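Peer 1: Each position in the sequence shown, counted from 1, maps to that position plus 1 in my numbering.
Note that these hints are calculated values from the structure, not bench results.
As the structure is a prediction and not an experimental result, all values here were calculated from the model.
The C-beta atom is built at its ideal place from N, Cα and C for all residues, glycine as well.
Do not take every clue at face value.
Unchecked claim - Have a look at the derived ranges for each label pair, beta carbon to beta carbon:
1. Ala144 / Arg116: 32 to 38 Å
2. Trp137 / Ala167: 32 to 38 Å
3. Gly40 / His194: 34 to 40 Å
4. Gly88 / Gly40: 36 to 42 Å
5. Asn102 / Gln53: 32 to 38 Å
6. Ser142 / Gly40: 16 to 22 Å
7. His147 / Gly117: 27 to 33 Å
8. Pro124 / Ala75: 14 to 20 Å
As the list claims (entries may be wrong) - Simulated crosslink set (SDA-like; lysine to any residue; CA at most 25 Å straight-line):
9. Lys128 / Ala162
10. Lys128 / Gly46
11. Lys128 / Leu59
12. Lys128 / Leu161
13. Lys128 / Leu145
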Amino acid sequence: MKASTKAALVIGAGLLFAVWCARDPLRTQLRMQWMRMHGAVVPVGSGTAFFQGEPVRLLTVEGVRAGSRLSGQANLAAYHVMLVFPGADSVSDVLTSSGGNELTHTAVYQVQAWRGPHGVNRPLTSKYDAVTQRVWIEERSYALSHGNLFVARFDEQGHLAVRQLAGTLTAISPRCALRAFQQLVPSDPVIAHVAQPAIACARRPTPAGRA
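Taking the hints into account, I'd like the entire structure generated from these sequences.
Peer 2: Here's what the structure looks like:
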């Protein structure tokens with residue numbers, strides 16, 4: 002067999018192997034194996050909690066440890082985001098939606114921040130990648146190895162500042178999350194003032210989808 006023919010066969014076999022490896026089922030299986038090796042949280046949904054009369058909201062994306070879906074293990078928090086509106090008297094929910102699959106989760110949250118009779122819309126989008134263990138909050142990326150607690154603060158002009166805290170909390174309880182935030186940012190006047198337990202925590206499952 003000529004060398005050129007052999008080379009063509011090798012290239013062709015390589016291309017076929019590449020196509021085979023790119024198939025969704027195999028790619029998903031390899032990613033899930035990677036997640037099991039690194040103890041990643043497989044997203045299953047998200048929820049929000051509010052505290053009576055306080056201009057804050059808590060967004061939590063939760064799931065199960067990769068490989069433990071059949072073990073009966075309780076849900077864990079992939080991450081928590083405390084939304085803070087220091088210039089508002091109160092806030093009310095406008096829209097919350099979520100979607101994704103076993104590898105990713107996107108949460109879209111909008112609230113109305115009120116100051117007297119005037120309200121303004123404040124949106125926030127967060128995206129979770131369970132494979133890379135990263136979170137994108139309004140297009141900025143954060144590694145969860147540095148902490149899974151975030152403070153997202155809107156000023157009176159609607160500008161958003163996000164701070165990642167050096168702490169990790171896997172409990173999904175809003176009360177536990179509030180205590181963790183208060184311990185990590187004790188000088189924050191809004192978060193420190195929150196004393197009421199969570200009034201409601203609405204959970205939204207992640208619709209099934211393809212990776």
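Peer 1: Next step is simple, just say for each hint if it's right about the structure.
Peer 2: Hint-by-hint comparison with the structure:
{"no.": "1", "hint": "Ala144 / Arg116: 32 to 38 Å", "result": "35 Å, holds"}
{"no.": "2", "hint": "Trp137 / Ala167: 32 to 38 Å", "result": "19 Å, violated"}
{"no.": "3", "hint": "Gly40 / His194: 34 to 40 Å", "result": "35 Å, holds"}
{"no.": "4", "hint": "Gly88 / Gly40: 36 to 42 Å", "result": "39 Å, holds"}
{"no.": "5", "hint": "Asn102 / Gln53: 32 to 38 Å", "result": "35 Å, holds"}
{"no.": "6", "hint": "Ser142 / Gly40: 16 to 22 Å", "result": "20 Å, holds"}
{"no.": "7", "hint": "His147 / Gly117: 27 to 33 Å", "result": "39 Å, violated"}
{"no.": "8", "hint": "Pro124 / Ala75: 14 to 20 Å", "result": "31 Å, violated"}
{"no.": "9", "hint": "Lys128 / Ala162", "result": "17 Å, holds"}
{"no.": "10", "hint": "Lys128 / Gly46", "result": "12 Å, holds"}
{"no.": "11", "hint": "Lys128 / Leu59", "result": "16 Å, holds"}
{"no.": "12", "hint": "Lys128 / Leu161", "result": "16 Å, holds"}
{"no.": "13", "hint": "Lys128 / Leu145", "result": "12 Å, holds"}
Against the hints set out earlier in the document, violations occur for numbers 2, 7, 8.
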